[in-house]
Amino acid sequence: MSETAATTFAALPAKPDAPRSAVTEGRAVRWTLIAVAIVFLALFLVVPLATVFVQALSKGWETYLATFREPDALSAVRLTLIVAAIAVPFNLVFGIAASWAIAKFEFPGKSLLVTLIDLPFSVSPVVSGLIYVLVFSAQGVFGAFFVQHGIQVLFALPGIVLATIFVTFPFVARELIPLMQEQGTAEEEAALTLGASGLWAFLTVTLPNIRWGLLYSVLLCNARAMGEFGAVSVVSGHIRGLTNTIPLHVEILYNEYNFVAAFAVASLLAGLALVTLLIKSVLEWRYAGELAAGGRH
Amino acid sequence: MLHDFDLDVRAGELLGLLGPSGSGKTTLLRIIAGLDFPDRGRVLFGGDDATGLPVQKRAVGFVFQHYALFKHMSVADNIAYGLNARKRADRPDKAEIKRRVGDLLDLIKLSGFADRYPSQLSGGQRQRVALARALAVEPRVLLLDEPFGALDAQVRKDLRRWLREIHDRTGQTTIFVTHDQDEALELSDRVAVLDRGRLEQVGTPDEVQDNPASATVLRFLGDAVEVEAIAESGQVRVDGRPVPGVVSPAGLIGPLKLYVRPWQFQLTEPSAAHLRGTVRASHRSQGRQRIEVERGEGRPLLVEDFDGERYAAGHPVGLRIVGGYVFA
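First to last, the sequence lines map onto chains A and B.
Residue numbering for the first sequence is 2 to 298, as defined by this note's numbering.
Residue numbering for the second sequence is 146 to 473, as defined by this note's numbering.
Think of the hints as simulated: they come from the structure by calculation, not from any bench.
All C-beta atoms in this analysis are idealised placements derived from N, C-alpha and C, irrespective of residue type, glycine included.
The reader is advised that the hints may include incorrect statements.
Said to hold, decoys possible - Computed Cβ-Cβ distance ranges for the label pairs, DEER-style:
hint : chain 1 : residue 1 : chain 2 : residue 2 : range
1    : A       : Arg212    : B       : Thr349    : 22 to 32 angstroms
2    : A       : Phe95     : B       : Glu352    : 20 to 30 angstroms
3    : A       : Leu34     : B       : Lys302    : 47 to 57 angstroms
4    : B       : Ala156    : A       : Arg212    : 41 to 51 angstroms
What the hints assert, rightly or not - Under the rule of at most 30 angstroms between Cα atoms (straight-line distance), these lysine-lysine pairs were calculated in the DSS-like manner:
hint : chain 1 : residue 1 : chain 2 : residue 2
5    : A       : Lys111    : B       : Lys216
6    : B       : Lys232    : A       : Lys105
7    : B       : Lys254    : B       : Lys302
8    : B       : Lys254    : A       : Lys281
9    : B       : Lys254    : B       : Lys216
10   : A       : Lys281    : A       : Lys105
11   : B       : Lys254    : B       : Lys239
12   : B       : Lys239    : B       : Lys202
13   : B       : Lys239    : B       : Lys216
14   : B       : Lys202    : A       : Lys105
15   : B       : Lys232    : B       : Lys243
16   : B       : Lys216    : A       : Lys105
17   : B       : Lys202    : B       : Lys216
18   : B       : Lys243    : B       : Lys216
19   : B       : Lys243    : B       : Lys254
Produce the complete structure using the sequences and hints provided.
As structure tokens, this is what we get:
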């Protein structure tokens, strides 16, 4: 038996070429395309990212770390964390509620809701910020109400949180809607027929089924919430030590020609981006089947 | 869409809801379960009105066509789900749940599979787990929606027989939906035939086959050929010759349609036949032959006969009708 096998094997070419298919291009074309893609990525993504860290550390670790002992920098970090800590859970709840409604029920205006959820992706963040300024300024629609009650929305934490929520709210819903639609309602119905309450079915069936998609979307939502510049810039007022988030603080430092400090603070965001990318890749690799097929960003 | 519906399910029986797709059989099952609600009408369980009762309170076991097992739970956890979902006061203790799950795993012959996940099971095994999960809550009625629809032919047949066994052993009142006539006729104590939201007939498999209530039921239960006939003095005649075994409906005189099953034809000499034609094609399967007979205009007739003499295409034949159905 081994002899036959050996003969058969020997009859094969030593290094068989991959089977050719109609969509496979010639070798030269393939390598050119790959080279173009790599050079492009290197020039536009890797080099700038590396530059951030090189610049940040150009005066040594001492200077780098000193940036973060600065009270204004610390306050920017704190504000960014607070904003993300409010905006992300809010969008988590909203995202689950919206995708649950869209994926599992039929109701009039459903497609309108889907379109509205995508709105923040198509509107420039600066415009979003301006909308909030118009709405909440003393002359705005709600402005008078808040001024009367002594609540500062613009140029304060509430405004920044609102702008961030607006800009980031598609992330969770966009990932979950296709995922939940694909999963349908059969498992929930099964749970209900077995006597489970709606809440129990949600906790024990729906939530476990969407857990990785949820984590994935929260991750992206968080990265965007912490890194948002445009909308926040408009509503924040740039008050040092009070309403500056990390991205705004980077801009101020940069405009003051304080490059080392600017890049040092920027390296926080770059680091956040890298960690997000890493976890995202791990999730995509490990749980590809449990993420929404069309939901890759 | 269901109209004017009145169906009485007897305790302990295995009732098949049979109908083409879109006939409302799944809707009916979901209304009984409380997954859908009727605009009008009532659902009674043993005399208690369950119409307004939410699905959780109806104590039904529902088995879905595509299993709907909980993907992230083991087989044992799937089966125990209904027991674990109960309020603390009604929930059996851990040891009791474990024992019940063990018993059900024995029943579905998957004892070694407690810790597997649904993705590691074949389609037939998944559907058995789904059944055990539904039985675990000791439902008043077990509802199966096309339970074998997603399985291949051989597994289907095995599972069918096995479901009948389980039913005979547990005496569980069961309603199942199918569009497969063989399945309904083989498995059910009684069959309910639905068409376009109406209940056409309810009866034992023998009753619906021997005395179909309408042409719809007749056609749905198998192939039938429509033959122009004339009713006179109690007899039904085709081409002047009476058809044996068919009595015309009381008081009906004149032309009517006679429905003939493929096996209610016999091939004979053209001179002594009800109908004449030529053989178009014939094929053999499992000891029978099916012959397509062409008669000038219209679709060819399908005739089924024992695998005897073979007929070549173009051969002239006569057909004697030895049975059939007429409707007033």
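Verification of the hints:
Separation of arginine 212(A) from threonine 349(B) is about 50 angstroms and departs from the stated range, judged on CB atoms against 22 to 32 angstroms. For phenylalanine 95(A) paired with glutamate 352(B), a C-beta distance near 58 angstroms fails the hint of 20 to 30 angstroms. At about 53 angstroms, the CB distance of leucine 34(A) to lysine 302(B) agrees with the hint of 47 to 57 angstroms. In this structure the hint that alanine 156(B) and arginine 212(A) lie 41 to 51 angstroms apart at CB holds, the actual value being about 43 angstroms.
Straight-line distance between C-alpha atoms of lysine 111(A) and lysine 216(B) comes to about 28 angstroms, which keeps the hinted pair within the 30 angstroms bound. Of the supplied pair hints, the one linking lysine 232(B) and lysine 105(A) holds, its CA atoms being roughly 26 angstroms apart against a limit of 30 angstroms. For the hint linking lysine 254(B) to lysine 302(B), the alpha-carbon distance of about 17 angstroms falls within 30 angstroms, and the restraint holds. The straight-line distance between the Cα atoms of lysine 254(B) and lysine 281(A) is roughly 42 angstroms, outside the 30 angstroms bound, and the hint therefore fails.
At roughly 20 angstroms between alpha-carbon atoms, lysine 254(B) and lysine 216(B) fall within 30 angstroms of each other, so this suggested pair holds. With a CA separation close to 27 angstroms, the supplied pair lysine 281(A) and lysine 105(A) stays within the 30 angstroms bound. Between lysine 254(B) and lysine 239(B) the alpha-carbon distance is near 22 angstroms, which keeps this suggested pair within the 30 angstroms criterion. Simply put, lysine 239(B) and lysine 202(B) have alpha-carbon atoms about 23 angstroms apart, close enough for the 30 angstroms limit, and the pair holds.
Taking the CA atoms of lysine 239(B) and lysine 216(B), the gap is about 22 angstroms. The hint holds against a cut of 30 angstroms. For the suggested pair lysine 202(B) and lysine 105(A), the alpha carbons sit about 22 angstroms apart, so the restraint of at most 30 angstroms is met. Between lysine 232(B) and lysine 243(B) the alpha-carbon distance is near 17 angstroms, which keeps this suggested pair within the 30 angstroms criterion. Of the pairs offered as hints, the one joining lysine 216(B) and lysine 105(A) holds, with about 18 angstroms between alpha carbons and a cut-off of 30 angstroms not exceeded.
Among the hinted pairs, lysine 202(B) with lysine 216(B) is consistent with the structure: their alpha-carbon atoms are about 25 angstroms apart, no more than 30 angstroms. With a C-alpha separation of about 20 angstroms, the suggested pair lysine 243(B) and lysine 216(B) falls inside the 30 angstroms cut-off, and the hint holds. The suggested pairing of lysine 243(B) with lysine 254(B) holds, with an alpha-carbon distance near 16 angstroms, which does not exceed 30 angstroms.
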